[in-house]
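Engineer: In case you want the letters, here they are:
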Amino acid sequence: MTGSADDKIYIIQKRRKKLKDTAFIWSVLAYPLILFMIFYVYVNINSFVMAFQKQNLDGSKIFIGLENFKTFVSEVASSGGLLNVALKNSVKMYLLNLLICMPLYIFFSYFLFKKYLGSRIIRCVVMIPQVVSSMVIALLFKKIVSDALPEIMQALTGAEFPDLLSEPGKRFGTVLFYGIWVSFSTSLIVYSNAMGEINEEVIESAHIDGIDTMFPELWYIVLPLIYPTLTTFIVVGFAGFLADSGALVTFYGPDGEADVYTLGYYFTVQILRNNTGTYNTIAAGGLLMSLVMAPLTYLLKYCMEKFGPEAE
Amino acid sequence: MNKGRLKKITVRIISLLAAVALSATALGCGGETSSGKEKIIVKVFNGGAGTQWIENVKDNFNANNDTYEINLAYEKMFASTIESEIEMGTPTADCYFTSDAAFQKGIYRDYFEDLSDLLTRKPDGESGKTLQKKMLRFDDWKQLSSKNGEGMYMLPYLDAIMGLVYDHDMFVEKGWLSFADRTDKAALDEQGVSYTEKTEYGSTYLVCSEAFGNYEKDDKLLKTGKDGKFGTYDDGQPETESEFDAMISRMCNGTDQAKSFIYSGIHDYYVNELAHAMMAQYMGEYAFRMAIAYDSDGQNLLMHDKTQVALDFETNGYLAVKTEGAYQALRVLDKYFDSEYIHADCKKTSSVSHTDAQNTFLMELNKVATGNNTGYPAMLVEGSWWENEAKTMISSIGTRNPERGPGKVDYRFMLMPDIEGQYGLDTGESRTFFSTLDAGGIVVVKQEDENKLEAIKDFLLMTVSDEVLRNFTVDTGIVRPYEYDLSEQELSKMTPFGRNNWEIFRDTENIGIIRYPILRNKEPVVFASSIDSYFIYMESNGVYSQSYIRALRNAGSVDSAWNSVGYSQEEWSEFVQDAIEQGFYSQE
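Keeping their order, the protein sequence lines are chains A and B.
Read in order, the letters of the first sequence correspond to residues 229 to 540 in our numbering.
Read in order, the letters of the second sequence correspond to residues 47 to 634 in our numbering.
Next up, chain A with everything else stripped away, as it sits in the complex:
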């Protein structure tokens, strides 16, 4: 056999192997790629197109320019309207998380990090909701608030006690409370782990420099060192807050009252109810929200990175 024949066989074998490798790779990638094309690319393109269309009763679609955007904006701007209430609630939910919950999470995480008395018990208690399925926890909470609590309170006080998840004026507060309680564990784990990464020598050196009480240590040493984690939480939270529906679907299904609506819940309800008449408007709304939120998120990220404290 000549050398060139060997080369040819080698090339053919190499090609076959490459072909096999390619076939193998595509066989693995094809399915997720098809899913990606259908459920991401197509859905998003379709959503984009839908935002400029209206569908008639007979299914025919007509181009209506920016009409859906106008409808969405006017509903959001209409004081007391569902979308207006939903937007306000979404903002409230995010601000509550940002301004009240986050400092609390950090404080408790620091408490765990310093291994103060009772920290193990706290860690264990806040971990429970994470161990059990979130659906089970939500249903348990619902059962306690709606059934057990009114009966216990009535037995104790003799007066009727409302179902806090149904009572006007209290239900959204109850939903917020649940959100804080449930997210406690996740945040506590993440923050305390980030604090756990801080080099012990840095803390000791700070002590030598005179920072030996709790708050200065937290403010001047710990926070700057976990700043990247904080940035991630704030930026990710900001990017997604308009789409957040919390536990509303678990509590109310698609039948939540207007005053508990968030934008995320509004979109979910339209889908759950197969409310196809609103799909074009919500497509426009989604697009509009992306247009507003994407640059703001990047701006926030930039600002946090630019103006935040340096770990050094």
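Any given hint might turn out to be false.
What the simulated footprint calls covered on chain A by chain B, stretch by stretch (three residues with Cβ under 8 Å from a Cβ of chain B suffice, anywhere in the stretch; the number is not a length) [unchecked claim]:
#1 278 to 287
#2 373 to 380
#3 499 to 513
For lysine-lysine, the following BS3-like pairs were computed, each having C-alpha atoms within a straight-line distance of at most 27 Å [said to hold, decoys possible]:
#4 Lys266/B <-> Lys539/B
#5 Lys168/B <-> Lys289/A
#6 Lys498/B <-> Lys179/B
#7 Lys85/B <-> Lys220/B
#8 Lys371/A <-> Lys413/B
#9 Lys370/A <-> Lys122/B
#10 Lys220/B <-> Lys122/B
#11 Lys263/B <-> Lys454/B
#12 Lys269/B <-> Lys381/B
#13 Lys371/A <-> Lys437/B
#14 Lys371/A <-> Lys122/B
#15 Lys289/A <-> Lys492/B
#16 Lys282/A <-> Lys193/B
#17 Lys193/B <-> Lys498/B
#18 Lys85/B <-> Lys539/B
#19 Lys492/B <-> Lys282/A
#20 Lys316/A <-> Lys370/A
#21 Lys398/A <-> Lys381/B
#22 Lys168/B <-> Lys498/B
#23 Lys168/B <-> Lys85/B
#24 Lys244/B <-> Lys231/B
If you are wondering where the hints come from, they were derived from the structure by calculation, not from laboratory data.
Just so it is clear, the structure is predicted and the values come from calculations on it, not from any experiment.
From the three backbone atoms N, C-alpha and C, an ideal C-beta is built for every residue, glycine too.
Given chain A's structure and the hints, the job is docking chain B onto it.
Structural biologist: Chain B in isolation, oriented as in the chain A frame:
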């Protein structure tokens, strides 16, 4: 085993599994049954009407058809879900029996088969009536289920009313109803009722000397109800608002401290139907229908601001929800169903389902029957189907207390009282109204195989034969919107509540039944615009509410809720424009 062979076997097994999985997915809805017949899947709404009745029809069909086999599936599906399934190309059945009538989108998009040819066929054989003759209120149904006035894409399934359910014997025992007295003697004599006079604790009352109507010998006679006859379904019931108030006061402020009503917190929109009924009762059916159609055909309707307005669909149709009838309905709703006397569960909007409310009602009344109990709900806001739906709980109670087992308790519907000042445009309207919640339809998904379609139609025809309709009503106590009658023997097999429901449907002289879902969904402005397809009242913050009671609760008062009712002229113009652009109302 060498490596290559193992690999081959593995590949073959995986291919086989993949092929099986793919075939199962592809053939999910069709295919053949084990008997070699082609499958027809019929999905039935498994609500209060139950499903046993259709199992019997299925068995009968399958025994007599060599080519096709009906397979039943049960699920609570509504029009929007079914239409979405079809839109995605994955309908899970060939035919759906539903509690929904809002299939107009599917009808106009050609998702369903035209069933018009069934109208001339005779479900009961050549000597029987055609289906069209058997269907009640054909014109309304035709408008609802046709496409631009052509075809019939949906057949009627149920006709179930909402009302106030009470335990008649308990109400008599507690003295909450009105008893006949000496002033009724003349009327009793005129009706030929034999009675005797008795005195107990200083009070004189009349007792039957022999059984008649729904009285047994020695029963205390009650005053006549609105129908003016002794021995009928409404005896002893309050007729006016003040009498109704007095009855509620007796039950809630007496020693039992009972609660007036219980209804599902989650499904508190059940109470909406009482508002629709009250609106019809106040305005009269004729005017009610005009208000629902947003056009009074040149006739004046009384508005809440005391003006008389002729509704014209295009210019002022939005005023239809501002009639005095709509206001009075809201007022009555607030007065009775959001009062201090209702059971606490009514307000649990996230946790008390309709079956929870049924169970609480049954168990609490059982406690009343077996010992002392206070704070129990005296009446349940429910539909014709409730007793059939709650039969498991009733049977369970029956094992412990046979006197309250299936069919033992005389549950009845309490009529809503007359509202002061109520009137009807059609003269002499004095009927008491009920409204239906369950007035759903039957649709058949577009079929490619003509023979299969014919088989489905044959099956549908079987489900509306006299025999099936009668058996359905005897078994479930629920009426279907077709013309059929029950024999004395069949009536005797029904529970007292089933008979009560039947009597109410049959008394067309004194009872009016409005089919709100049908009347509303047949209007093009409802299904061809972005108007909400179900509700006429709005919440105080301008958000449409599914439940009128919640709208009232959120608003804080009737007047506050009322001020938010309806659409603005601008909104209305958009709805009208939507409908007109799609070709509706153009010839009118």
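Engineer: Give a verdict on every hint.
Structural biologist: Status of each hint after checking the structure:
{"no.": "1", "hint": "278 to 287", "in the structure": "holds (count 4)"}
{"no.": "2", "hint": "373 to 380", "in the structure": "holds (count 3)"}
{"no.": "3", "hint": "499 to 513", "in the structure": "holds (count 6)"}
{"no.": "4", "hint": "Lys266/B <-> Lys539/B", "in the structure": "25 Å, holds"}
{"no.": "5", "hint": "Lys168/B <-> Lys289/A", "in the structure": "41 Å, violated"}
{"no.": "6", "hint": "Lys498/B <-> Lys179/B", "in the structure": "26 Å, holds"}
{"no.": "7", "hint": "Lys85/B <-> Lys220/B", "in the structure": "56 Å, violated"}
{"no.": "8", "hint": "Lys371/A <-> Lys413/B", "in the structure": "24 Å, holds"}
{"no.": "9", "hint": "Lys370/A <-> Lys122/B", "in the structure": "24 Å, holds"}
{"no.": "10", "hint": "Lys220/B <-> Lys122/B", "in the structure": "39 Å, violated"}
{"no.": "11", "hint": "Lys263/B <-> Lys454/B", "in the structure": "18 Å, holds"}
{"no.": "12", "hint": "Lys269/B <-> Lys381/B", "in the structure": "25 Å, holds"}
{"no.": "13", "hint": "Lys371/A <-> Lys437/B", "in the structure": "26 Å, holds"}
{"no.": "14", "hint": "Lys371/A <-> Lys122/B", "in the structure": "24 Å, holds"}
{"no.": "15", "hint": "Lys289/A <-> Lys492/B", "in the structure": "22 Å, holds"}
{"no.": "16", "hint": "Lys282/A <-> Lys193/B", "in the structure": "21 Å, holds"}
{"no.": "17", "hint": "Lys193/B <-> Lys498/B", "in the structure": "23 Å, holds"}
{"no.": "18", "hint": "Lys85/B <-> Lys539/B", "in the structure": "35 Å, violated"}
{"no.": "19", "hint": "Lys492/B <-> Lys282/A", "in the structure": "25 Å, holds"}
{"no.": "20", "hint": "Lys316/A <-> Lys370/A", "in the structure": "24 Å, holds"}
{"no.": "21", "hint": "Lys398/A <-> Lys381/B", "in the structure": "24 Å, holds"}
{"no.": "22", "hint": "Lys168/B <-> Lys498/B", "in the structure": "20 Å, holds"}
{"no.": "23", "hint": "Lys168/B <-> Lys85/B", "in the structure": "25 Å, holds"}
{"no.": "24", "hint": "Lys244/B <-> Lys231/B", "in the structure": "13 Å, holds"}
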